[in-house]
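**Q** Spelled out, the chains give:
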Amino acid sequence: SQKIEQNSEALNIQEGKTATLTCNYTNYSPAYLQWYRQDPGRGPVFLLLIRENEKEKRKERLKVTFDTTLKQSLFHITASQPADSATYLCALDRETGNTPLVFGKGTRLSVIA
Amino acid sequence: KAGVTQTPRYLIKTRGQQVTLSCSPISGHRSVSWYQQTPGQGLQFLFEYFSETQRNKGNFPGRFSGRQFSNSRSEMNVSTLELGDSALYLCASSLRWGSTEAFFGQGTRLTVV
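Sequence lines, in order, name chains A and B. Using our numbering, the letters of the first sequence correspond one by one to residues 4 to 116. Using our numbering, the letters of the second sequence correspond one by one to residues 102 to 214.
Everything labelled a hint here was simulated from the structure, so no lab data went into it. Computed from a prediction, not measured in an experiment: that's the story for all the values here. Do not rely on the hints blindly, as some may be mistaken.
No more than 25 angstroms apart at the CA atoms, straight line, and that leaves these computed lysine-lysine pairs for PhoX-like [claimed, not checked]:
1. A:K66 x A:K20
2. A:K108 x A:K66
3. A:K6 x B:K158
4. A:K74 x A:K58
5. B:K114 x A:K74
6. A:K62 x A:K20
With the rest of the complex left out, here is chain B:
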């Protein structure tokens, strides 16, 4: 079966702009989570969506938002980009968090200049 697909793979944006990243989970997985990965902080949880509802949220400012569509595809949006938002953004899906494996996409490498 197809894996988790994230688009685009690479993105360069200017400070102050906004960006939208996309994630298509494994077929049949209704839950999608987003993580930000930087060399200093490791993988940090952004938020989780399940059946189009945000179920969990990490400690990120309101500039980071997301949504999920009825086909389980998810998008995350970052507004008013800052240099510190440069990171690898990873999306993961799972049948049941914890007790089954999580499947990650290849990630979107965002560079803010």
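Next up, chain A with everything else stripped away, as it sits in the complex:
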């Protein structure tokens, strides 16, 4: 069956370091992969989208990679700040396309000052 795994439930890092979060999937061939940020008690907020034919995407301090051979996406936050503390979710479209996203369970990131 199709599965999405985000490598850690929680990740603690020092302010100023680069945070790297992993999203792995099996039995999928998604055309798009998205990353969201979710703060406690709120809905997820879109951060980045990467297409299957793109290796890397950047937005300010954020970088996403997408390796369809490894079936993996890495999400990096450089020069992390305490305000980056949140849960980060990866999401994939289903293979049939234009169907609602399937989400991983998320990684809770804590940036310590």
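Once you've looked at the hints, dock chain B against the given chain A.
**A** Then chain B, alone, in the frame of chain A:
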């Protein structure tokens, strides 16, 4: 433009009761999806409505149902509430799932006692 609006924000119900949650999508978005989020299971897809028709459905019992109106507003209903239905219920809308971002509402926090 206005975001996705969910009402109510908080709800406390007793086991056995039923509940109706409401979602108004982004203007121009005809597709609405509902997700249930719990600490253990993460974001789980409930169902999707497009142009008043249910287009996709997740693995939830028949107690969970929904509908969409001609103005794209959607409601979901849970009958015969169980303690395990306590969760954050999120509604999302998108122009095209997968290839464009999904917009989430703030969610409705349902507590069943």
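**Q** Going straight from one Cα to the other, do K74 of chain A and K58 of chain A come out at no more than 25 angstroms?
**A** holds (12 angstroms)
**Q** Compare the distance between the alpha carbons of K6 of chain A and K158 of chain B with 25 angstroms, and conclude whether the hinted pair is satisfied.
**A** holds (17 angstroms)
**Q** Check whether the Cα positions of K62 of chain A and K20 of chain A lie no farther apart than 25 angstroms.
**A** Answer holds: K62 of chain A to K20 of chain A is near 17 angstroms, not above 25 angstroms.
**Q** For the pair we were handed, K66 of chain A and K20 of chain A, check the Cα-Cα distance against 25 angstroms.
**A** holds (14 angstroms)
**Q** Would you check the hint for K114 of chain B and K74 of chain A, treating anything up to 25 angstroms between C-alpha atoms as holding?
**A** violated (42 angstroms)
**Q** Do the alpha carbons of K108 of chain A and K66 of chain A lie within 25 angstroms of each other, as the hint requires?
**A** Satisfied, since the Cα-Cα distance of roughly 20 angstroms is no more than 25 angstroms.
The structure does not agree with numbered hint 5 stated previously, though it agrees with all others.
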